[in-house]
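Visitor: Sequence:
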Amino acid sequence: MSATPINTQTLQDARNISRMNTLLDRSIARLSSGSRMVAASDDPAGSALAEKLSAQNLRVGAASTNVQNAVSFTQSVDGFLDGMGDLLGRMSELAILARDPLKNAGDLALYQQEFEQLQTQIRNTIGGNTTDIGGTYNITKPFGTFNGRTLFGANPAGTVIATGQASTQRLTIPETNLRDGAMLSMFQQDAAGVFTMSVTDAAAIGNINSAIGEIADERSTLGAVGGRLELVASALASEGESLTSTISKISDIDVATESTRMAKYDLLTKSGTAMLTQANQSTRSVLRLLQG
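If you read the sequence shown in the UniProt record's numbering, its first letter stands for residue 1, the second for the next number, and so on.
Any given hint might turn out to be false.
[Unchecked claim] Quick list of the computed label-pair ranges, beta carbon to beta carbon: (1) 137 <-> 227: 34 to 42 angstroms; (2) 49 <-> 22: 19 to 27 angstroms; (3) 129 <-> 166: 37 to 45 angstroms; (4) 245 <-> 129: 47 to 55 angstroms; (5) 32 <-> 75: 39 to 47 angstroms; (6) 54 <-> 15: 34 to 42 angstroms; (7) 100 <-> 68: 45 to 53 angstroms; (8) 43 <-> 79: 45 to 53 angstroms; (9) 68 <-> 93: 33 to 41 angstroms; (10) 136 <-> 244: 56 to 64 angstroms.
[Stated by the list, open to error] Calculated cross-link-like contacts (lysine to any residue; reagent style SDA-like; alpha-carbon spacing at most 25 angstroms): (11) 270 <-> 24; (12) 52 <-> 239; (13) 103 <-> 194; (14) 270 <-> 22; (15) 103 <-> 114; (16) 52 <-> 247; (17) 141 <-> 181; (18) 264 <-> 14.
Hints were generated in silico from the structure; no laboratory data involved. These numbers come from a predicted model, not from an experiment. Think of the CB as a built atom: it goes at the ideal place given N, C-alpha and C, for glycine as much as any other residue.
My request is simple: use the sequences and hints to build the entire structure.
Guide: Quick look at the structure:
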């Protein structure tokens, strides 16, 4: 019995169909995923670059979040400082009113009562241990906090913020320590819990003015830091947009071009299948003629 003859054209057609099927499947995978690189083998260099840029973009996004939090932090500190500035302004007004010799003891007592209320508010806002601010109890949870962080205590190193994707890109927000200097005299108490400064003290007006000056200086410093943070936030936003655009150009597929390729591969696959069927039919016809 003779061996069945091999149709070399049929084998070639089958190989072509297999190759077109592979290309068609890859094109469909690209369109369905939206990525030009379904596998790293599609573009090894591009895949590596996109991976590095994606990681860099994530770091930039994290730094942008840090900066936005820092902006909120400085705004919170400035808001408290602004409020304490208003309290000090009223305290200075009361100190001037208490200097009026025509006021009686009842008037002075009312001024002193309001003065102490303002001092208490400042003390509760700044907080601190009795070793720092005197008194009979520690204020460990003052009003002046941000996300559980005390705003107006000692922090010589400042608050260091990561402001970029590189480890060296940092910005330091200096401390706003109001537990010493001129501000301390506004709310300091003695061992019995009595404020060391009263509305009728001769030095009250001068001390209050010094405290107001300290508040103004702190707000000025924060304003400069806030300006830097806004510039950094803008730069990070621009960097993030550039990285996203670059990654998109490397990784994202051109839908129009790939759709054209898919249509081409689909047509060639169908044409090849038709030709393979035709070649098989021709082979069978020849065999029947020979057998007849």
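Visitor: Give a verdict on every hint.
Guide: Structure-based check of each hint:
Taking 34 to 42 angstroms as the suggested C-beta distance range, the pair residue 137 and residue 227 conforms, at roughly 39 angstroms. Separation of residue 49 from residue 22 is about 26 angstroms and conforms to the stated range, judged on CB atoms against 19 to 27 angstroms. A beta carbon spacing of about 39 angstroms between residue 129 and residue 166 agrees with the range 37 to 45 angstroms that was offered as a hint. Between residue 245 and residue 129 the CB atoms are about 53 angstroms apart, so this pair conforms to the stated range of 47 to 55 angstroms.
The hinted window of 39 to 47 angstroms between residue 32 and residue 75 holds, with their beta carbons roughly 46 angstroms apart. The hint said 34 to 42 angstroms for the Cβ distance between residue 54 and residue 15, and at roughly 38 angstroms that hint holds. Between residue 100 and residue 68 the CB atoms are about 50 angstroms apart, so this pair conforms to the stated range of 45 to 53 angstroms. A hinted range of 45 to 53 angstroms for the beta carbons of residue 43 and residue 79 is consistent with their spacing of about 52 angstroms.
As the Cβ distance of residue 68 to residue 93 is approximately 38 angstroms, the hint placing it in 33 to 41 angstroms holds. For the pair residue 136 and residue 244, the supplied restraint of 56 to 64 angstroms holds, since their beta-carbon distance comes to about 58 angstroms. The hinted pair formed by residue 270 and residue 24 meets the criterion: a straight-line CA distance of about 11 angstroms does not exceed 25 angstroms. At roughly 15 angstroms between alpha-carbon atoms, residue 52 and residue 239 fall within 25 angstroms of each other, so this suggested pair holds.
As the CA atoms of residue 103 and residue 194 are separated by approximately 24 angstroms, the hinted pair is consistent with the 25 angstroms bound. Between the alpha carbons of residue 270 and residue 22 the distance comes to roughly 13 angstroms, so the proposed pair stays at or under 25 angstroms and holds. Of the supplied pair hints, the one linking residue 103 and residue 114 holds, its CA atoms being roughly 16 angstroms apart against a limit of 25 angstroms. Only pairs whose Cα atoms come within 25 angstroms are accepted, and residue 52 paired with residue 247 is accepted, the gap being roughly 10 angstroms.
Of the supplied pair hints, the one linking residue 141 and residue 181 holds, its CA atoms being roughly 21 angstroms apart against a limit of 25 angstroms. With a C-alpha separation of about 18 angstroms, the suggested pair residue 264 and residue 14 falls inside the 25 angstroms cut-off, and the hint holds.
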